[in-house]
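Chemist: Below are the chains, spelled out letter by letter.
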Amino acid sequence: MKTATEIDIQTAGEMPREHYLNAKTGVKAWLLTTDHKRIGILYLWTILVFFLIASVAAAMMRIELLTPQGDFVTNETYNKLFTIHGVLMVWFFLIPSIPAVLGNFVIPMMIGARDVAFPKLNLLSWYIFVAGGALTLWAIIHGGVDTGWTFYTPYSTTYANSHVITMAAGVFVAGFSSIITGLNFMTTIHKMRAPGLTWFRLPLFIWSMYATSVILVLATPVLAITLAVMCVERIWGVGIFDPKLGGDPILFQHMFWFYSHPAVYIMILPGMGVVSELITCFSRKRIFGYGFVAAASMAIAVLGFLVWGHHMFVSSQSVYAGMVFSILSFLVAIPSAIKVFNWTATLHKGSIHFTTPMLYALGFIGLFTIGGMTGLFLATLAVDVHVHDSYFVIAHFHYIMVGGMVMAFMGGLHYWWPKITGRLYPEFAGKLAAMITFAGFNLTFFPQFILGYLGMPRRYHAYPPEFQMFNVLSTAGASILGIGYLLPLIYFLWSLKFGRVAGPNPWRATGLEWQTPSPPPKHNFEEKTPVVTEKPYSYSAEEDADLNLASI
Amino acid sequence: MEKVVDPKIYFRTAIVLLVLLAATWMIAYIDLGPFNLIAALAIAITKAIVIALFFMHIQGSSRLLHLAAVAGVMWLLILISLTLSDYFTRSWVQ
Amino acid sequence: MNRFRLFPPEASTSAQQIDLIYFALVALTVLICMIVFVPIIFFSIKYRRGSKADRSNPRVESVFIESGWTIVPLLIFIGLFSWGAVVYFHVENPPRDALQVQVIGKQWMWRLQHAEGKQEINELHVPVGRAVELTMTSQDVIHSFFVPAFRLHQDVVPGKYTHEWFRATQPGEYHIFCSQYCGTQHSAMIGRVVVMEPLDYAHWLNTGRPMESIALAGERLFRERGCSGCHSGNSKFHAPLLEGIWGKPVPLESGEMVTVDERYVRDSILLPGKEISKGYQNIMPSFAGTLSEQEIMQLLAYIKSIGNQTSPNEPAPNASR
Amino acid sequence: MPILTWPVSEESALVHEQFDDIGQQREAAKLGMWIFLATEVLFFGGLFLSYTVYRFAYGHVFVEASRKLDVVIGGANTAVLLISSLLMAFAVRASKLDQRRMLTGLLLGTALLGCVFMSLKGVEYHKDYVDHLVPRMGFKWEGADPGSAELFYWIYFAMTGLHAIHVTVGIGILLVLALLAWRKTFSNGNHNTVEIAGLYWHFVDIVWCFLFPLLYLVGHR
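Going down the list, the sequences are from chains A, B, C and D.
My numbering puts the first residue of the first sequence at 1, with every later residue one more than the last.
My numbering puts the first residue of the second sequence at 1, with every later residue one more than the last.
My numbering puts the first residue of the third sequence at 1, with every later residue one more than the last.
My numbering puts the first residue of the fourth sequence at 1, with every later residue one more than the last.
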């Protein structure tokens, strides 16, 4: 594989005539496509819709929390708002975003394949995703659900009087979309790698997507059966979680969190994969400790299944089980620590280009470190007794989800935008948006750590007056964060028409996906698929010391 | 042409399975206390392995398929064992 | 209670212990953030694009460093885990001499009852310096009794009793929150704990209508609902006697042994056929639906009181029942 | 597909565009199916977990409740499914040997045994309904602990119901395959689909191998 600088730079002036976007145009061509690249774009537009709805719900909640009294929306509406925010963000934005958008687009190209293993199944997974989303939106329009995204029994089965069954059905259906995506990626990565592309020459994004697919495939079915059993108990009035029959509501929590904790690793692992790509490309250097970072992804996937009990330390789970889950939760933090340290070490002796994706990647490392460390507070039994179900938990998982996953998704989107559309986004606007997002995010969620330890419970519509100052800070931050997310939406659309033509490899990156024109042809590689001969990220910081990526 | 399995293997597998069925049925009529459950599970696991090996052609297939076959069951054991660790130790509190 | 503050009041013994671990974790977080942020900023400046730093033969692999930042965090984590677990174990096990308070969580209010019988709604008056044990259950959904100032937090689950205890160290008023989402008025299900000097507490206890203690109320119910009809020495029905059985193992019809505790007595009241004592028939009527959670707790307090004395009138001939 | 001029071995005509050769395609399909079966194991796993938890909690009630189930129908059903697995295995073999009529017959035979299983199941469900064992639908239980008994029967109907749905889907697939086999779709080398359907059917049989002893033979009869 040629080193970055030798790749002949396609004269950046003109777009390739024939590529996957204009191969077959028309709505029908798009709705019946089996091209993994087009399916990725379909997913991008779909999750954008859900992200906007959930963000509106979040904005309304933040406005409500400006004042201690509940005077912006009623109790009932507030409960429905945080359920909408939770369900849509978790199942219809965070889980599908990197795997279904960037993963679908980039995985086949990165491993030198013409498409995923089962293209028709891939399209079916999008249709199932849209069907699940439609069901969930139908439930929201017809009055919403007020159980929270966790659907805890016996409230969800006996006492809630909202559209629990419809929303649970929507999530049940969307779960199968995740399963199919996971199954597709695992088979693709196992069976369709380019000649010479052994497991230890795979880019780290592929390793983290493989680990994510393992979790997608092994965790989601348990969510499906849990929601199905909850719905049956709600319809028939009798079920295994009903205390009147001697059933145990805690069993629902066990089955729900067996899925939902690995689900948070489904959300963060792809982000880690993207950051590994960005850090290496923009510090022009091979990753530090490739084997350890790849193994850390797999370790997170496996250990992630053993720790769910830390959600239930105060839920009358036995003290001894609490101790088992606590020590296991500490163990799962170690692979994440290894990854962060390895990214930091990669910067050593690199030649660091502060392009927009790099800003997002560095922001990710900063915020993910804080998010990860606050996770240790929740894994420590004694401290979790105090901060469980408080705003400390809210701040923790938003630092990882918004500070980590969404920053990485933005970084990945900016990094592969030239490959997806063939055009470059405006560099200055990109950097501006990244910094606004970073500032707005910290102002929004750092006060919530203090609020959490003060003891403000989560999902509160009204709160004692002494918590007001922190909530006002948080709402102020949320408005800045909102701007930070609107900017990319604007300049990405702008760049579709006016962005400069990017050429095959604007970042001089070494992945296989950069050795084909952008936007790539329908089958990714016109002649025969490339052969891989050496380890990934064969950059040389010395040569690229004065290469100016940011200004092309 | 993919290799084809000799019918005698299929017939032998079916007979073994039916014998195991009869065994699990008969053992249920003897009061072994807790061993009833262990015997029933052992026979059921044997039947599952026999079906997987011969009817589902796991025997002689790639190691990857072996792994995929075992993975689901291993994760189910994780779910059951850690959940039971909660239920068994609830009564330990002094 | 509503003054602005940056840190919750430390108003109970376990509060200090938990805050110590909290500060240790905050210090560790700051340390790890420095270990990550300082090198990033340093490298970003030193090795920025176009800078004239020495970039020859960079290291990309070092098993020594990797095992270093795997084992060191592991050791720190094991230390933190054990510290947290020890404090957790202490927090979860009430001392013997604790004041007994029964808490019933019901959709969107807390009903608390002291052993002496005094009842309170959304309020809890306790003496400073005395251990107080809460026996909690819920009438409908899962709630969670949360007093931030005491670092006290325990879910209240329908169908079972959960326990929590605290020893207040500072007089004053502190918030009670419900922290497990329980429906429309979840955020209205709040109250306050009033920690008083022991003298004021004793005075407060005696004001208001003279209340019969829970055990006395239980005894009254024991007669009114006809329990004493069977469960007494001179009854013509063959039913197990309850004196002196509390905490002792009792043989069941199915051959297993079960210790007589809250769960067993509550289940026997609501589902009499569930665990029948050896040598008895399944003739006891079920009281599910006719007894409220509060009344069950009162009966439990009474059965516990007579269950702890050695049975005065019968030496133990039928102890083998 | 571009019409290739030189004679093509029948196998390479079957290769989808994203695969390089037929071996890779078949191996990928098998791997995909086995991963799907892993998700099915975990899908049934939720119910096996609740069965395990409540069996340890309410063991003796489970024993009485299980005795009221009709073990003869359960045992017969197990035998029916085992034999249908045998027929399915021969069907896969016939598809590889490109014996069209044998393949169609065996597929129909397997589907028929599936229908026998379902009808026996229907009879048994009706008998349970008549015996007042169906939760919420006239459930009556004189024994010790009606709540736990209702839990057992709820789990019984949930597990066997979910399994019955999977058997019905399996029968549907088998009938479609029989039709396609009759129309020569699986001739000259395109036999992998039959093997994939076979994997699904054998999996459904394995699940029943666990359901029968765990539900019908709890403790000793």
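The set of hints was computed from the structure by calculation and includes no laboratory data.
Wrong hints could be hidden among the right ones.
To give an idea of the interface, some chain B residues facing chain D are shown, with a C-beta separation under 7 Å as derived from the structure [to be verified]:
#1 Y10
#2 L17
#3 K47
#4 A69
Here the structure is a predicted model, which is why all the values come from computation and not from measurement.
Backbone N, C-alpha and C define an ideal beta-carbon position, used for all residues, glycine too.
Chemist: State for each hint whether it applies.
Modeler: Verification of the supplied hints:
no.	hint	verdict
1	Y10	holds (5 Å)
2	L17	holds (5 Å)
3	K47	holds (4 Å)
4	A69	holds (6 Å)
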